[in-house]
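Novice: Sequence:
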Amino acid sequence: MNVIDHVRDMAAAGLHSNVRILSSLLLTMSNNNPELFSPAQKYQLLVYHADAIFHDKEYRNAACKYSMALQQKKVLSKTSKVRTSTGGAASNIQAQVLTYNIVAHEGSKMSL
Numbered sequence: 001m002n003v004i005d006h007v008r009d010m011a012a013a014g015l016h017s018n019v020r021i022l023s024s025l026l027l028t029m030s031n032n033n034p035e036l037f038s039p040a041q042k043y044q045l046l047v048y049h050a051d052a053i054f055h056d057k058e059y060r061n062a063a064c065k066y067s068m069a070l071q072q073k074k075v076l077s078k079t080s081k082v083r084t085s086t087g088g089a090a091s092n093i094q095a096q097v098l099t100y101n102i103v104a105h106e107g108s109k110m111s112l
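In full-length UniProt numbering, the protein residues as written are 1 to 112.
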């Protein structure tokens, strides 16, 4: 079981603050040592990190992290030799819709 699996299990258990701390640490390590994680693993970490931030109701920060995850997904699709025709597109659309909902939620809070 690798560290990504542990992060996934913690997220599934609802340990969002722990996911946030661990994923932040792992992303920092990844930035300092790019060979540490594959592009797919870095994408997964970014999504788990963004989900944990979203759960803490830091919507703007979560939107930023989701955008970073989308950028990583684009890098992943460019470097991947096997592309999924529907799975990747569906996850991109879901992430974009989620980002839109976050921005819309923040906009409605500001107008109040």
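Think of the hints as simulated: they come from the structure by calculation, not from any bench.
Among the clues, some could well be false.
[Claimed, not checked] Here are the simulated DMTMM-like pairs of lysine to aspartate or glutamate, each with C-alpha atoms no more than 25 Å apart in a straight line:
id : residue 1 : residue 2
1  : K78       : D9
2  : K73       : D9
3  : K78       : D56
4  : K73       : E35
5  : K73       : D56
Novice: Taking the earlier hints as the rules, which of them does this structure contradict?
Specialist: Going through the list in order, the structure violates hints 1, 3 and respects the others.
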